[in-house]
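Take the given structure of chain R and dock chain H to it, following the hints.
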Amino acid sequence: MALTVSHISKQYGDFTALQDLSFSMEEPGVYALLGTNGAGKSTTIRIILGMLSKNSGEVLWNGESFSPFTHSVGYLAEERGLYPKYKISEQLTYFGELKGMRKPDIKSAMDYWLERLELTEYRDKRPEQLSKGNQQKIQLIIALMSNPELLILDEPLSGLDPVNADLFKTVINEEIKKGKYIIMSCHQMPVIEDFCEDLTILHHGRPVLQGNLNKIKKSYGRVNLAVKCEEDIIPLAAQCGLNPVENTPELTTFRIQQEDQAKQLLQRAVENNFTIIRYELREPSLHELFVESVKKADGEEVVAI
Amino acid sequence: MSILGWQKVFKFTFLQTIRSKSFIISTIIIAVLFLGVSTLITFIPVIAASETEGGDVADLTEVAKLDTIYVQDTTGITDPEGYQMFADTFGLNFTIANKDDPDGTYLETVKNGTNVVSVNITKEENRASINIGLPADGSVSEETGDTLVGLFYESFNALRYQFADITMEEAENITMPVDSSVIVIGEDTQSFDQMIAKTLIGMFAAIVLFMLIFSYGSMVAQSVAMEKISRVMELLLTSVRPLAVIVGKVIAMGCVAILQVLIFGTLALGGVVIFTPVAEGILAGMENVVQDQTAIEIMNAFASSFSEISAIDIILVIITFITGFIFYSMLAGLFGACVSRAEDLQSALQPYSMIGVIGFFLSYMPMNMAMSVSEGTGAMTTQLSPLQIFIYVFPISSPFALPSAMLTENMALGLKLAGVGILILVTVLTTLLVAKVYHQIILHTGNLLKIKDIIGLARNNK
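In the order they appear, the protein sequences are chains R and H. Throughout the first sequence, residue numbering follows this note's numbering, covering 691 to 995 in sequence. Throughout the second sequence, residue numbering follows this note's numbering, covering 2 to 463 in sequence.
With the rest of the complex left out, here is chain R (with noise of 0.2 Å):
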């Protein structure tokens, strides 16, 4: 078991910003942190890093008190931040410096990174002479190139473009297959699908949804039943029991009780000589678990999923 974070909590006088939160990442890979806006997210990496103190709680690396100044991190915050004005290699410098690099294991990183990340016509440029999503990768590049064992990426592809977002996906599969612990907070639900194994949903500070991804889609069972047609098959799902839960021009999607009602629907709409050009019956999207999550903890009426 390499990182562990046991029943940590965090008061600011009567606010409880987080409450007795524990996970743990036994294998390198990805674990996802999610929850809505001042969930706690930031709190929590903020307690992991070691900025912030905590009232009760601890955080464990191979069972030992984990610390970022004497374990390896790195990390790309959620609001970006360089020096404006250094160079580019001067900043890489300082903050290889400032992780205990050596000056030639810094320059090698550096090459590397700026090349991987096709930057190097920028490493005696100005941040505030680069693009937002050019200054990104820069962020990126700090967080990777001391090679730590633990990374956190706190929104890492948000305003990237698809081709940026695609490269930084592939740098984060790379270091994935390094055998790197990664926590990974962000609201882009179908990122998040691609990399995580396991997760935390937080809401108000309180985990309200937490384990292995697959295991959690399972629990729910193959409920979401998607369907396209070229007629409406609204009508004759109605016949069957079932209410649209979404309609689209491009689907209609109904949540099931048993996936009987499913197929009892493909029954009807064939010998109806529907043309049915999509049907799939399938588990919870994490959207709609982290929806669900949220508005049960809210205490609003949630529909099954």
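In short, the hints are calculated from the structure, not lab data. Hints are supplied without guarantee of correctness; some may be wrong.
As the list claims (entries may be wrong) - In silico DSS-like pairs for lysine-lysine, Cα to Cα no more than 27 Å straight-line: (1) H:K12 <-> R:K793; (2) R:K868 <-> R:K793; (3) R:K815 <-> H:K437; (4) R:K822 <-> R:K797; (5) H:K437 <-> R:K822; (6) H:K451 <-> H:K437; (7) H:K12 <-> R:K775; (8) R:K953 <-> R:K907; (9) R:K797 <-> R:K775; (10) R:K918 <-> R:K859; (11) R:K793 <-> R:K777; (12) R:K953 <-> R:K905; (13) R:K815 <-> R:K867; (14) H:K12 <-> R:K777; (15) R:K822 <-> R:K777; (16) R:K870 <-> R:K907; (17) R:K797 <-> R:K815; (18) H:K451 <-> R:K815; (19) R:K918 <-> R:K867; (20) R:K775 <-> H:K22; (21) R:K777 <-> H:K451; (22) R:K953 <-> R:K859; (23) R:K907 <-> R:K859; (24) H:K12 <-> R:K797; (25) R:K985 <-> R:K907; (26) R:K870 <-> R:K815; (27) R:K777 <-> R:K815.
Chain H alone, transformed into the frame defined by chain R:
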């Protein structure tokens, strides 16, 4: 709290600061000013001397060319006939109007004449006046008139002493100025010139110290604030503790300040060393040099103001400067860390600016008090007032006031140590406060933190 890693922050901050355009430009401008001022000081004796070089001789030649000098002395405290002796000495053509033209028709002669002048010496109440009249045709220059004023001033003085039957030496004894002072027996006294010199040294030192301590403290604040605003701080804090960041910055800015002082000092000293022989050479080559005694006396007073500096004084001055710098920089860093938005920077630094300005004005008070004592009573005392002592031990003013006072005043060692000790104590307390709240403040975003918020954080963080 650990400050591990402060050296890396120090190195980066120091190198980036001295490479910045603003540092290079300001250093060059101020260095040129220092070089210019130091050079000017070495040339003061030459400038003071050259104004009178050979002038008397040339003008007396012109005076000798005058056809007639009509002299009328109606003061009654001289024998007008005595002026003839001066006429003979300098080969001038005098007409004593008291005797030859008692009705004053000579004035009309001078007005319409050519190459003639009138000298009218009168007395009203307790003042005598010497008035030189020149002809309307411009045949006699005003410079020649000025020379005659000087000549008749000396002549009139000599004649009135002679008339009163006293020698010049006796007259000087009677009219010599009297300096007065109130002293504690056993302590040294100081002359008026020395006091002027010490006041000027104190003012200059206070300005330089204020510029160094306050300005570089402000730079620490701006640097901290900009790192926080640009979110670089969050990245830094994954590698070093917040206190290490501010310690690294404070020491870096302190070294930048010392580097500038060394550059300015070297240039100023270099200017003196290089140009003093040049100035002496110019002086040696001059003829008929008349030195300005006042300038020489003030320069001597400047030199003597520093004559009793001990090694302990120098050590205490250095400690005061470093401690004062740390005190102000820590405060600046604290206030700079309260900012989350660039537009809040000025208002966040207002309390820091207020403290600095109060300290600076307080540091001027001892000098003003010394001046007012002198102007008011003529007495010069070396005894410090309770307010002066307060200013020397008050940590807000002592970094600006204490160093020059230690070098120029006859302060008791106990008072010096008290001033330095209190400053060190308050600086340590300030650093502990900063250490206590800084890691919370530096990550705060949103509204600008007020002083009461900082105090609240310190209390909650016990």
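Exercise for the section: With a cut-off of 27 Å on the C-alpha distance, tell me whether R:K777 and R:K815 pass. Expected result: 5 Å, holds
Handout entry: Given hint R:K867 paired with R:K918 - CA-CA distance at most 27 Å
Key = The hint is violated at about 38 Å.
Exercise for the section: Quickly compare the C-alpha distance for H:K12 and R:K793 to 27 Å and report which way the hint goes. Expected result: Holds, at roughly 14 Å.
Handout entry: Given pair status - R:K859, R:K907, alpha carbons within 27 Å
Key = Given that 27 Å is the threshold and the Cα spacing comes to 23 Å, the pair holds.
Practice task
With a cut-off of 27 Å on the C-alpha distance, tell me whether R:K870 and R:K907 pass.
Solution key: Roughly 25 Å between the alpha carbons, so the hint for R:K870 and R:K907 holds.
Handout entry: Given hint R:K907 paired with R:K985 - CA-CA distance at most 27 Å
Key = 17 Å, holds
Handout entry: Restraint status (C-alpha distance of H:K451 to R:K815 at most 27 Å)
Key = 38 Å, violated
Practice task
With a cut-off of 27 Å on the C-alpha distance, tell me whether R:K868 and R:K793 pass.
Solution key: Between R:K868 and R:K793 the Cα gap is close to 23 Å, so the pair holds against 27 Å.
Exercise for the section: Would you check the hint for H:K12 and R:K775, treating anything up to 27 Å between C-alpha atoms as holding? Expected result: 17 Å, holds
Practice task
Would you check the hint for R:K870 and R:K815, treating anything up to 27 Å between C-alpha atoms as holding?
Solution key: With a Cα-Cα distance of about 31 Å, the restraint between R:K870 and R:K815 is violated, given a limit of 27 Å.
Practice task
Compare the distance between the alpha carbons of H:K12 and R:K797 with 27 Å, and conclude whether the hinted pair is satisfied.
Solution key: With a Cα-Cα distance of about 18 Å, the restraint between H:K12 and R:K797 holds, given a limit of 27 Å.
Exercise for the section: Verify the proposed pairing of R:K775 with H:K22, using a straight-line Cα cut of 27 Å. Expected result: 11 Å, holds
The earlier numbered hints that this structure contradicts are 3, 5, 10, 13, 18, 19, 21, 22, 26.
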